[in-house]
Amino acid sequence: MSVFKVCLRILQKNLPSLAINFVIFIAVSVAMTILMRPVETGEFGRTRVNVAFFADEETPLVEGLRQALAAQADFVPLEDDAERLQEALFYRRVHYILRVPPGFTAAFMRGEPARLQRTIVPDSASAIYIDLRLDRYLEILRLYVTTLPELGQNEQVAFALADLEKEPSVVVAAPNANARAGGRLQFYFNWLAYTLLFIIIVGLSAIFLAFNDEDIKRRNLCSPLSVRTIGLQCFKASGVFALASWFVVVASSLVFGFSEITGTATWFYMLNALVFTVCVAGLALLVGTLAKNGEMVNAIANVVALGSSFLSGVFVPQELLGDNVLRLASFTPTYWYVRANAEVAALADFGLPALAGYFAALAVQIGFALVFVTVALVTAKSKS
Amino acid sequence: MFWHIFKYRLKILLYDKGTMFWTLAFPVLLATLFHLAFAQLGAQETFQAIDVAVVDSGNDAAFLSAVESLSTGDDRLFNLRLTSKEAALGLLATGEVKGIIETGAEMSLTVSHSGIQQSILKTFLNNYTQTVSAVSRIAAKRPELLARLSALAAEDADFLVEQPISRGAPNNLVIPFFSLLAMTCLMGGFLGMNEINAIQANLSAQAMRMSVTPVHKLRTFLAGLSAALVVQFAKLVLFLAFLVYILSIDFGDRLALVMVAVFLCTLLGLACGAFVTSLVKGTESLKTGILIAVSVIGGHLAGMSSPDLKYLVEKAVPPLAYLNPAALITDTFYTLYYFDTLSRFIQSVAGVIAFTALFAGATYFVIRRQRYVSL
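Sequences listed follow chains A and B, in order. Read in order, the letters of the first sequence correspond to residues 11 to 394 in our numbering. Read in order, the letters of the second sequence correspond to residues 275 to 649 in our numbering.
Source of the hints: derived by calculation from the structure; they are not laboratory data. Just so you know, these numbers come straight off a predicted model, no measurement behind them. Any given hint might turn out to be false.
[What the hints assert, rightly or not] Listed next, the in silico DSS-like pairs over lysine-lysine satisfying Cα-Cα at most 30 Å (straight line):
1. B:291 <-> A:393
2. B:555 <-> A:23
3. A:246 <-> A:302
4. A:176 <-> B:415
5. B:415 <-> A:23
6. A:23 <-> A:393
7. A:176 <-> A:15
8. A:246 <-> A:15
9. B:291 <-> B:589
10. A:391 <-> A:15
11. A:393 <-> A:15
12. A:176 <-> B:359
13. B:491 <-> B:291
14. A:176 <-> A:302
15. A:302 <-> A:227
16. A:302 <-> A:15
17. A:176 <-> A:391
18. B:285 <-> B:491
19. A:391 <-> B:291
20. B:491 <-> B:415
21. A:302 <-> B:359
22. B:291 <-> A:302
23. B:285 <-> A:302
24. A:393 <-> A:302
25. A:227 <-> A:246
26. A:393 <-> A:227
27. A:176 <-> A:23
28. A:227 <-> B:291
29. B:291 <-> B:281
30. A:393 <-> A:176
[Stated by the list, open to error] To give an idea of the interface, some chain B residues facing chain A are shown, with a C-beta separation under 7 Å as derived from the structure:
31. 294
32. 295
33. 298
34. 302
35. 307
36. 309
37. 319
38. 321
39. 381
40. 386
All residues carry an ideal CB built from backbone N, CA and C; glycine is no exception.
Pulled out of the complex, with its shape left as it was, chain A reads as follows (with noise of 0.2 Å):
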């Protein structure tokens, strides 16, 4: 078992380096712990927008204004500063911001034209939100103005929040599949997949770098394992290796989306993230074939784990990705995976014939593994 052991102490030299990557890993399920929104229960539940408020006069119309829009905004105290209140906007602290010139109200009052200034993020769905709400408002409150002049101001505004009270019902239907996609054990076992690609490339590439360096190769051709042996044990040590791994990984999500893992969607994720494992570890075994030296593991490393990942939707959902980008993807083993644990989130039943997508999945991925190793093994052929 010498080299096996071997193997382990090149990877044992390697720890720091395949550490940071794993603190990363785990800092950013950190952030998307505390950054991701609740699952979506039944209930219709509202849109709010962030809404900037300023008025430059207070009358029961501005008044009646502000209680108009926090049906539907959450207001943010800003400061009125210019550079204030446009960095609030580039970083979306506030979609809108309304702004009550002073006058207002008398010309309104009048008939005269007037004008609420706003600003928004240019051609937003939120502005049109907000934008809706705030006309019925006034249309509504200009239509007692003109008819029943009569009235005071008080009264006018305080029946045109009455009308704005009356809402037609909304039916919650059965959430459709896509509504329901998108847990948190899903995006955690996605995201995975670039840590492994990480690890796996940089850890194992550096054991067959090591091998095949011309003098070890010279050294260990006169020593009494065979090469066959040698071989073996170096696989081994790496099968060892990647089972690891994938075992850290898992469990580290498994623990980030501990309140889903009773469901039977578990099992199906982590068969996937072995079958990807398998396949990240035959593509390791070329990088090393072909790599020269450490340095250009680290390059290749970084291309195809940020490159694929990217394009496949570990980072961006592949909803929000382009059709060519996903074809382009499709080249790749991390779209496959990515794709079988999107067809297991959407599944109700765990039936076969529902899960011959996720099936279908996993078998490209060991497509992809066979053809990995498959060059891997005639390109070393070749060179020796």
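Please build the complex by placing chain B on the supplied structure of chain A, with the hints as guidance.
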């Protein structure tokens, strides 16, 4: 002698494939990936006509015409489909429509989940019911107005005026690209590191040879640094051109100032690398590690992975934002792009210059007048 050393340092830097990869090919690759991945992310915020199914009970022509009028033209609110209830539910289940409006005495909205588009649908429906409520209240008080009321209610007044407050559009998806450029500037630290390695006799065999030449050390160093500056600035200009002309990232319309900023940030990157290499005692991999941490982790904290993170850091841990060179560089481009006035830009540039002076000054005091007992 200056030009002689300059020429050879230039050649060495140009042939250094590793540094070329990390300071040019890698940022180009990352920018391309950002571009592909974020392309639809911005569109998500933009309003798109909402697909809606209307199940018409046949007795609300006014409502139907209102919906229809909002479903035509380029800036329409809805993509309308008139169907039966069963067909509409099918469309909702497959996600082809966002909601189903049923007309009748009691109007209702059916959706599959909450969201901004669904909320807009609800508000639109509310508006209709609310106007009806107002009209009937007025009609009860002043029946003689009934004939005029529908015309009055349909009158379209404009109560809002746009007041843009910034020079650039508030498109925060430029931040990852700005911080990527910042990271690339700081990756230039590797060139600064190479220059120190080439003159400090305890760091490389080449430097040992250089230190016995009859050339003043400062002159050797300045020649090497000038070569590094030329190469790194050229790479950054290429990268900037790639961002602006190929990926169409908006850097605002003050391109000359952007170039000045890029030049100053190139200096900062080189100085940062020289500073770390000369000050940190340790192996080369330790120094490389520190440089990568400063550029990559700094880049992330400056918003490379999410603009929100940059804002959070600025508000929650302000010192971390001031002391992070990547955040400072990102701010230089951001203030130039977004704000009308140059005051914030000048602040950021002053920060960049201060950092550069600090790094360069410290490096100078470390590397000057060093003598070696033996080599």
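Against the structure, the hints come out as follows:
no.: 1; hint: B:291 <-> A:393; result: 24 Å, holds
no.: 2; hint: B:555 <-> A:23; result: 21 Å, holds
no.: 3; hint: A:246 <-> A:302; result: 23 Å, holds
no.: 4; hint: A:176 <-> B:415; result: 19 Å, holds
no.: 5; hint: B:415 <-> A:23; result: 87 Å, violated
no.: 6; hint: A:23 <-> A:393; result: 27 Å, holds
no.: 7; hint: A:176 <-> A:15; result: 75 Å, violated
no.: 8; hint: A:246 <-> A:15; result: 10 Å, holds
no.: 9; hint: B:291 <-> B:589; result: 40 Å, violated
no.: 10; hint: A:391 <-> A:15; result: 25 Å, holds
no.: 11; hint: A:393 <-> A:15; result: 26 Å, holds
no.: 12; hint: A:176 <-> B:359; result: 24 Å, holds
no.: 13; hint: B:491 <-> B:291; result: 27 Å, holds
no.: 14; hint: A:176 <-> A:302; result: 72 Å, violated
no.: 15; hint: A:302 <-> A:227; result: 14 Å, holds
no.: 16; hint: A:302 <-> A:15; result: 23 Å, holds
no.: 17; hint: A:176 <-> A:391; result: 78 Å, violated
no.: 18; hint: B:285 <-> B:491; result: 20 Å, holds
no.: 19; hint: A:391 <-> B:291; result: 28 Å, holds
no.: 20; hint: B:491 <-> B:415; result: 96 Å, violated
no.: 21; hint: A:302 <-> B:359; result: 65 Å, violated
no.: 22; hint: B:291 <-> A:302; result: 13 Å, holds
no.: 23; hint: B:285 <-> A:302; result: 23 Å, holds
no.: 24; hint: A:393 <-> A:302; result: 12 Å, holds
no.: 25; hint: A:227 <-> A:246; result: 19 Å, holds
no.: 26; hint: A:393 <-> A:227; result: 12 Å, holds
no.: 27; hint: A:176 <-> A:23; result: 69 Å, violated
no.: 28; hint: A:227 <-> B:291; result: 27 Å, holds
no.: 29; hint: B:291 <-> B:281; result: 18 Å, holds
no.: 30; hint: A:393 <-> A:176; result: 79 Å, violated
no.: 31; hint: 294; result: 11 Å, violated
no.: 32; hint: 295; result: 5 Å, holds
no.: 33; hint: 298; result: 12 Å, violated
no.: 34; hint: 302; result: 11 Å, violated
no.: 35; hint: 307; result: 4 Å, holds
no.: 36; hint: 309; result: 10 Å, violated
no.: 37; hint: 319; result: 5 Å, holds
no.: 38; hint: 321; result: 4 Å, holds
no.: 39; hint: 381; result: 4 Å, holds
no.: 40; hint: 386; result: 5 Å, holds
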